[in-house]
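Whole structure, please, built from the sequences with the hints as guidance.
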Amino acid sequence: MSPGQVVWFEIGTTDPEAVTGFYGPLFGWSFEADPDSSVDGRTYTRVIAPSAPWPMGAIQQGDTGGETLNLSVLSADVHADVDRLAALGARVLVPATAVGEVTVFARLTDPRGNVLSLFSRGESAKLAERARATEGDMEQAAAAPQPGTMARFEIGTTDAKTTMGFYAAAFGWRFEKGESADGTPYCNVFTGARWPSGGLWDHSGSPNGADYVMPSFLVSDVAATSAAAEQSGGRVEYGPRTNPDGPGFARLLDPRGNRFGLFSPPERP
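Numbering-wise (this note's numbering), the sequence shown opens with residue 1 and increments by one.
This list has only true hints and no planted wrong ones.
Restraint-style ranges between C-beta atoms, simulated for each label pair:
| id | residue 1 | residue 2 | range |
| --- | --- | --- | --- |
| 1 | GLN5 | HIS79 | 18 to 26 Å |
| 2 | ARG42 | LYS177 | 42 to 50 Å |
| 3 | ARG42 | GLY233 | 22 to 30 Å |
| 4 | ASP77 | ALA168 | 18 to 26 Å |
| 5 | ASP77 | GLY233 | 35 to 43 Å |
| 6 | GLY41 | ALA98 | 14 to 22 Å |
| 7 | ALA228 | ASP83 | 37 to 45 Å |
| 8 | TRP54 | THR242 | 25 to 33 Å |
Worth flagging that the hints you see were computed from the coordinates, not collected in a lab. Don't be surprised by glycine CBs; every beta carbon is placed ideally from N, CA and C.
Shown next as structure tokens:
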């Protein structure tokens, strides 16, 4: 992990049991309470993908201002990044806040109103991560992502120039034009790695276009998982579709109204 990369997601909700009841069976997730961040009768619950060596996200109860599903970006200095992003047009919802020696986090909205979080790893978190990184964990972490994990993210925007300009200046992200299944203008998003970490859809030409930033989760069968989500109270907003380069994908709304994506890699010949 390096600063500027999307490495976490958070689901903010007033009903954690409803959230775990939907996503747990859908993706095979397990959950554990985070005692450092569970305060004042509210719970902060870590989300763990099947067979994963460490959590990939969390459920935040009560203080997010409603139902939200947002991405979290790793920061080397949350205090400095909050000031820098605010100067670029972000709005600060929660200022840089220390959680013991575990982390410093902040919550903001980008210029299009999408919620995002910043967080840094405290020294205790770094030591704990090193302690967990046994040979077996490292082999698993280096292996291809497994179903149920966050494998990509997606940005939808009705103002591509503003959105790309903000994230390029904020985190150094690079946008490269690609192809979409239906002709909607599309860019691959590079956050520092050799391969794209996400995609941006330009909805400026669509009368039903929306602004959002969401995680996409790897599944083995996008159509079957979409159907299972609908049976559990979710709604398919777009797809399932297949891009020209092969991946299957769909965009859905969970029963709380939060967007998330499904993604499957192209079949190998």
